[in-house]
Every structure is written in C-alpha cells, then in structure tokens.
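**Q** Chains as they are written, first to last, in my numbering: chain A, -11 to 872; chain B, 569 to 681.
Hints are supplied without guarantee of correctness; some may be wrong.
To be verified - Stretch-level coverage of chain A by chain B, calculated; a stretch enters the list once three of its residues show a Cβ under 8 Å from a Cβ in chain B:
1) 37 to 48
2) 611 to 622
Claimed, not checked - Straight-line alpha carbon distances no greater than 16 Å define the calculated EDC-like cross-link-like pairs of lysine to aspartate or glutamate that follow:
3) K562(A) <-> D371(A)
4) K80(A) <-> D371(A)
5) K291(A) <-> D277(A)
6) K644(B) <-> E11(A)
7) K644(B) <-> E13(A)
8) K549(A) <-> E267(A)
9) K803(A) <-> D488(A)
10) K717(A) <-> D488(A)
11) K644(B) <-> D722(A)
As the list claims (entries may be wrong) - With the C-beta cut set under 7 Å, the calculated list includes, among others, these residues of chain B facing chain A:
12) A643
13) F645
14) K654
The set of hints was computed from the structure by calculation and includes no laboratory data. Every residue gets a Cβ at the ideal spot worked out from N, C-alpha and C, and that includes glycine.
This is what each chain is made of:
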Amino acid sequence: MNLFASLRFRIATLFQRSQMNAEIEEELRSHIQHRADDLETSGMARTEAERRARIEFGGQERVREEVHQALGGNFFDTLVQDVRLSLRVLRKSPGFTLVAVLTLALAIGANAVVFAILDALILRPLNVPHANSLWAIERGSSKAINHSYPDYLDLRDRNRSFEDLAAYNVTGVGLDTGNNPSSAWILETTGNYFDALGAQPYLGRFFHASDEHGPNSAPYIVLTHAFWHTHFQDDRGVVGRVVQLNKHPFTILGVAAPEFRGTLTFLSPDFWVPLVNQEQVEGANVLNDRSNRGILMVLGHLKPGVTPAQAISDLNSVGAYLEKSYPKDDGNMTFALTRPGLAGDWLGGPMRGFLTGLMLLAGLILLAACANLGSLFAARAADRSREVALRLALGSKRTRILRTLFTEALVISLVGGAVGLWGSVALLRELRVWQPLPTAPISLPVNPDVNVYLVALLLALVSGFLFGAVPMRQVLRTNPYEVVKLGSSGRTGRRITVRDLLLVMQIAICAVLVTSSMVAVRGLMRSLHSNFGFEPTNATLLETSLSMSGYSGDNVPIMQKRMIDALETIPGVKSVGSIDRLPLYYGANSSNVFSDKAADLRPANAAAEAVLYNISPEYFDAARTTLLAGRSFSWHDDKNSPRVAVVNREFTRKLFGSVSNALAGDYKMPDGTRIQVVGIVEDGKYGSLAENPQPAMFLPVLQSPSSQTTLVVRSNRDQQQLVAAMRNKVTELDAGLPFTIRTWTQELESALFPSRMATLALGVLGVMGAMLSITGIFGMAAYSVSKRLRELGIRIALGGQRREVLQAALGRAFKLLAFGSAAGLLLGILASRVLASIVYQATPRDPLVLAGVILVMSLLGLVATWIPARRALSINPMILLRDE
Amino acid sequence: MTDQAQLLPGTLDLLILRAVALGPLHGYGILLRIGQISGNALLIEQGALYPGLFRLVRQGLLKATWGTSDNNRRAKFYELTATGRKRLREETANWNRLVAAITSALAVQPEEV
C-alpha cells in the first residue's frame, strides 16, 4: 500500500470508527448468541446460558481495541483517544490546567512578540531586490555613516566594487497641496537612488540620474504608497500634479510600490525628493562643502562576485586618495560596510544587542516556564503513581502510558501556544500602527506572518516535549507491585535532584530579570530628575523651519526676531528664545574646533569636536541654562561685530584647561574663523541622556543664521490658552508657515524613548519571571509538604515546635531560593553593564537596587510558601495516622 | 483444559484460512471447526479470533458477507477469496517445511553429529 492510500485508509477508518464499532458489536453479539444456543441445547436455561457465554467470551472492549489495532488505523485512533483522555484528565483539575496554559501562553506569547520585532528590525532584509548585496558605507573608527556630498561623488565615481552608489538624507519639509500647509517627512535622495536599489514604481515613474542638472534642477516628488493612500485617497490622477513644497512648485512623478518604504526599517517617510534641490528643501545648499558631512547615508549593491572585504580595500584606496587631496577636510578616511536598515552600527549595534538580549531573556523565561511545568508534571505523575501502577498491572504498556502523558503535555503546550500567539498577534497589530513619537515618523514594521506562527508552534512543541519528558524516568521506573503495596513511593530524596536544579535556575533567571528591571527603573527615574542643562517644565516649544515658508539668508534672523517679539507680548510669558535644533533631538550639529595657536587646521589637529547650536540672545533665559561666567549674547552681536560664542564648562576644560582661562579667550573654527568666548554656561545633555559630558558652543543667530527654528516659550500660564495665543500670534505674522507646538516635557519623550522601552520590556519580563518563580517555588514547597505529611505529622505528634516543623517542611525550598537569588543577583549585576549603554545612569552598584532585589525575592518566597506552610502547620497527626 | 497446547504466534491465521477453506463459516463456526479439525487440542480464546478475521479481510484473503445461520440468527460469514486460497497453499507448504526441519533437528541423536 503506498503512503497516500495508507493515509487515506487511516483517515477513513478514523471517520468510520463508529460504524465499524457497530458492526463488530453485532458480530460479537451473534457469536455469543450462537455459543448460548449450544449451551442451551446441552441443557442449560436460556438466561444462564447467555450469562455463561458472555463470561466465556471475556472483555468485548478489548477485542474491539485489538480489531482496530489489527487494522492498522491505530495511530490516529490512539491519538484521538489520547487527546480525549487528556482533555478528560485536564478537565478534572482545572486549576492545574489553567495555571499551566496561562504560564505557557505568557511565555510563548512573549517569545513571539520579541521574535516578531527582532524579525522586523534585524532578521528581515530591506524590501529591495538582492538585499543581500546591499551595503551602506561607514567611515572612520567611530563608524559614522554620514558623509559629505563631494566625498560621496568621489566614492561613487572612483570605486570599482559597487554597481552604483546612492545617497540620501532624512528631513522635514512643508507641503501644500492646495490650501493646507502641513509638514511631512521625506527622504532627499540622489537621482540614481531608485535605480541603484532596483526599486520599481507602482504608478507613474521614478526620477533618475538623468533628471539632475545642477542645483534645484529636479523639482520632482515620488510618493510612498502609504502617503498616496492617506493624503491623495489613491487618486491615480495624481501623477503630473504640481504641489507646493516649501513654497516651491514640485511635480509628482509617481508612487512607489507598497512594500518599498525607503531604506530605514524603522522609519516611514512620506515621499522622496531629489537631493540636488537641497536649497529649496532645506533652505541652504551644502552640496559643495566637503567638510559638511550632512549626507545621512551612502549605499549600494556590490557587483556580483565582489566580496565585502574586497570592496572595503577598494574604498580604502579611494579614502587614501581623498586624505591626500583634501587634507583640510578629510581625515581618518577608512571605511567599513554595514547593513543600511538600522542606520549603521551607531544605532543598529545597541539595537541589535538589546533585541538579542531580550530574545535571550524571553527564551530563558520559556525555559523557566518549562522547568516549572516539568516539576508540576513530575509531581502530578507522582501523585498518579497509583493509577500508573494499576494500569501497568492491568497490562497496559509503558510506552502507551508515556504516550498519554506526552499527549497531555502537548495538549497543554499547544493550547498555551495558541492562546499566547493570539495575544501576541493582537499586541503586534497594535504595535504596527503605533507611532511612539509625535515628532518623527518612527514605526515598527512588525508583521505577524508565517515566520512568527512557525516560531510559536515550534516553541510550543519543543516546550511540550521538554516538560513532558520530566516525569518520564519516574514512569519507566514504576514498579506496579511495590507501589500498590506501599501506597506511594515513600522515599523522600535528600539528594540534589534535576528538579532542584531546574528550580534554582528558574529563580536565578527571575532574579536576573528583577535586578535588571530595577536597575533600569532606577536609571530612568534618575534621568528624569537629572540636570539636562535646561529646565523642561513650564517650557512650551514652537518648532518650524523658516525655509518651508520661503525665508532665506538675512530674512531668517529678522523673522525669528519678529516671532520672538510677538510671542513675548502674550500675557504671562516670561521669556522667549530661539535655538536651531533642540538638545537631545535626533543628534546635534557639531564641528571641529581648534586652539587659537593652531596653524594647520586639518581634522587630525582638532582640539575637540564640539556640539554647535545657533541661538537667539534670550535662549539661555528661556531654557533656564545657568550662566556660570561672562555674558550672554545681545541683538548687537551681529555680522558687523566680532564673532563671539558662549561655551559650556566641558568646552573650556578641553580647550583652555579651566573656566577662568576661557573667558575672553579665542579659538578657531575649521575655516579659520576666530571666535571669542564671552560667556560660559553649565554642561548639559546634547546627544543622548547616557552620554558623558561633551563640549558645546552656542553661536548668536545673527552671526550664524539657521532657518531651523525652535522657539522656547517660558510661561506659567495655562497650557491650552498659551498654545492658542501662540498659534494666533504666529499666524498673524505669516499665515503660510507650517509649525508644531508642544511642551518640552513631551519633546523629551523622544530622548527618553529608548530607556522607556528598555525599562518597559525588562519590567514586563521581570513580572513574568516573578510569577513563574512564585508558581515554581509554590509547586515545589507544596509537593514536598504533601510528600512528607506523615513525617511532619509524627514530628508534631512527638511535640515538635512550629519552627522545627516549618524548617523540615520548607527549609529546602528556602535554601534553593537563597541560592538561586544570589546567583541571579550576581548575573543581573553583570548584565546591567549592557543596560548602561541604553538606560541613562543604570548602575547596579546602587544600595537601593540591591536591597530592592533582596526584598522582592524574599517577598516572592514568602508568598509562594505561605499556603504550603499553613498546610504543614495545620497537620492533625491523629487524622493523618488514622488515614494511613 | 491443561492438555491443550498454546498456539504458536502467527499460526491462528493459518488455522482460520484452513477452517474456512472447507466452506463459508461465521466466527463462532470457525472456532468450532478449528476445535473439530484439531481434535480440540488447541486453546483459542474466543475473542482472539476476531482481530485475525478482520485483518484477513483487510488483506483480501477472506470475504465477509452477512447472512443467516443454521440457528436462524444473523451472522457474518467468511469465505476464502482466490488470493486466500493461494496463500493457504503457500503457508501450508511453508509450515510443512518448517515442521519437517524442526522435527528432524529434534530427532538428531548425539552420535549422528
């Protein structure tokens, strides 16, 4: 019989089973009747004859069973039978079933969610053809992925390894498709971007390298499918339409395919615009400035047969050429390749590390859950040893009994897996549409797809087998005779058992999670109350880009001054200042600075790389940044007066050695400009909350204009009234200016986002770990009490003290708890080092954390052993001994 | 009962085929026939017959039809198919060879080795 026919037969017998049973029954009945007939003719009464015949025949059920087995249809049959039996057994102990299913649902659900995020951000390549050969170029030892446009051109034209190199920037623009100025997030790309990636349009066409003819020569837009859907209602007539971008006319060329949403996995931009139109888009053109590394990323497909190592050495030879040709601008031009999806290693590295760590923790949780369920199963198997023994004595095969136990485990794990998957899919759907930050188009492209389902199924099966296997040895060893005679296996193992190890491991995992989540929470709390170098409470921000409304050059500071003056007239506003880019906001601009004595201004000779802000004179007042010495700017620090700067304490330390030396001192910018320090302010946080003190300089907006404008409005007034008043004032000045208003506290959300997420994830896993530990310790303690009831009863009968009884009953559980906690705490402290790179000031050397962990673990132990302890103390020796 | 021999594994099928070869029989009838042709020397549990019967039907060696017995009761009658008849011949030959071999092996005297 071939496989297919056999399978079909098996399935057919499965469905015909009841029909078969009826036939067998009839045949057996006929058999017995015939036998009874014979007995009757030999002189027996009819009823007696039938009774005899039935007795002679024996168990009909067994015959039916054997017939089914003989027909070979027994695999599915037995399976169905086993599943039915398991369901019946599980229904009899709903508490156990519920705990087991929920435990697994949580553990498998957590794994599915973490895996889906890992898959979306790291495992899945970008949605372009041949994503395996797509690489982005990193520069220098700091692995920076930003480059200058002239360097990009040299890299593109001089390398021999890439098919083509494209480059792009992320930026915000003002878009007006009629009478509705709004801001949008775009990718500014080189003309060859789509062709280099190999992307295909969904509608219309893309722009190409041939469309570029110098600055502002390609006023074209390619929409993402999502933006086309939400803002143009899938209108196919959109191709060829002219819209206003920063008050400049741009033509919509086409729409990209739905699955192509740019080259950053976590970012969903609205449309693409050619980089040659940078002046119209960003307000200034820096494409000819080799020292301005404003291109976010350079990427391309390797030629077939070229290895990454070959490409790197090729790029390095171009780098050597650049260093030699442009010593003033280009230093440290060594290159490496990285995957483009996570914006290189500066973001991708920690993200990969964190997600891998999270996956590992989730795996540990599942392992702990399995250990837990394994112990529960072992305990149940021990409690059922009499049943097992009876079944063995009645001739059941050991394999058959194991099979039922495994089926039980698998039923639980599959149901748990299904529940967990259901929950995680719901959560993932939420995550998918979740926009964590109001200020940036960050989104998680999670997709509960086949991969996730497969992983969940696999985990469910594996965990089912894992915890189903724990009681296996127990069953195999069961000696029916001994068990039936003794009542239960009277042994109380003193040795360290596998179960003890499992429990210690589980407690350790829990302690790791509790430690790291506490470290994270403490770090987060501290970072919320740390000194940022500004005061976010009671400050409201108005953000705009003046270039979006057509301001450029000298008009920019004039407009900024008018806005500041207008906002200051709002009653209740104490001060208003402007800054080009807020600290802690998607990285800051920075520049090399040189000591005044430096003559050779090549990058290698720089005294420091300082963060650079362009501010209005009132900024420090509005932001509440403390001035340590000297003065702030005034509106007289303009183009006609000497260049001045206010620097922070770290800047003075790096360039002048001390605060007192710095005041009235000079330093040089890379282009040779001399700038005098007129004031010194406190250190703050500029790039991230976790950073070490960084040098920073503030330049007056009149001497160093920037169309990027964020107005900081300090006021104690009611937020809603203030926002309305601000809106009115700005619209009065320029009705076509797109802007956003929010509080500085809201703005900080984005800076705190990574540590928030890390804390949340660790917290959730920590709580799950704690729950697992409670059930684990509870199971173990309850089991050991129930096993030793007789011994404890005798102790009580002989006058044992409560303390002694408790020690006998639960001493082991507490010993294991202490051991596991200590190990976990130690591991948690080690793990926190990783955490310190994500969560600001996350340090495990914190007495509060240590005390907290010990407190939590003891509480867990207390909660988990409470019920078993009550049971041990309430033993009534009389009843107990009578029972036995 | 004690002088009845245990069946060798696999021989029940052969006995069933042999019993049925003499004419269509229902289950109980097969049991009686085996008893009759073996001189009641073999111990067969009544229930043990049926898995074998179903298996032989499944293998296409027997054909089963519902009919009425001599006692005027509904019963399932089994008869040999052509394949069954062929199989019976082969198995009988096999058995004879086996018995001959084992008999001669057991009959060997020490001096003959």
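**Q** Regarding the pair K644(B) and E13(A), is the alpha-carbon distance no greater than 16 Å?
**A** At roughly 12 Å apart (the allowed maximum being 16 Å), E13(A) and K644(B) satisfy the hint.
**Q** Hey, K562(A) versus D371(A), does the alpha-carbon distance stay inside 16 Å?
**A** 75 Å, violated
**Q** In terms of beta carbon proximity below 8 Å, does the region 37 to 48 of chain A have 3 or more residues touching chain B?
**A** It holds: at least three residues are needed, and the region 37 to 48 of chain A offers 5 whose Cβ sits within less than 8 Å of chain B.
**Q** Would the hint on F645(B) be counted as holding, given a Cβ-Cβ threshold of 7 Å to chain A?
**A** Not OK, violated: F645(B) not within 7 Å of chain A, min 11 Å.
**Q** Do the alpha carbons of K717(A) and D488(A) lie within 16 Å of each other, as the hint requires?
**A** 71 Å, violated
**Q** Residue count check for the region 611 to 622 of chain A against chain B: does it reach three with CB-CB under 8 Å?
**A** violated (count 0)
**Q** Please work out if K644(B) and E11(A) have their alpha carbons no farther apart than 16 Å.
**A** It holds: about 10 Å lies between the C-alpha atoms, which stays within 16 Å.
**Q** Measure nothing beyond the straight line between the CA atoms of K80(A) and D371(A); if it is 16 Å or shorter, mark the hint as holding.
**A** 14 Å, holds
**Q** Are K654(B) and chain A close enough, Cβ to Cβ, to be under 7 Å, as the hint says?
**A** 19 Å, violated
**Q** Between K803(A) and D488(A), is the straight-line Cα distance small enough, at 16 Å or below?
**A** Satisfied, since the Cα-Cα distance of roughly 10 Å is no more than 16 Å.
**Q** Report holds or violated for the interface hint on A643(B), using the least CB-CB distance to chain A and a cut-off of 7 Å.
**A** Status holds, d = 5 Å.
**Q** Between K291(A) and D277(A), does the CA-CA distance stay at or below 16 Å?
**A** 29 Å, violated
Comparing the model with each numbered hint stated earlier shows that hints 2, 3, 5, 8, 10, 11, 13 and 14 do not hold.
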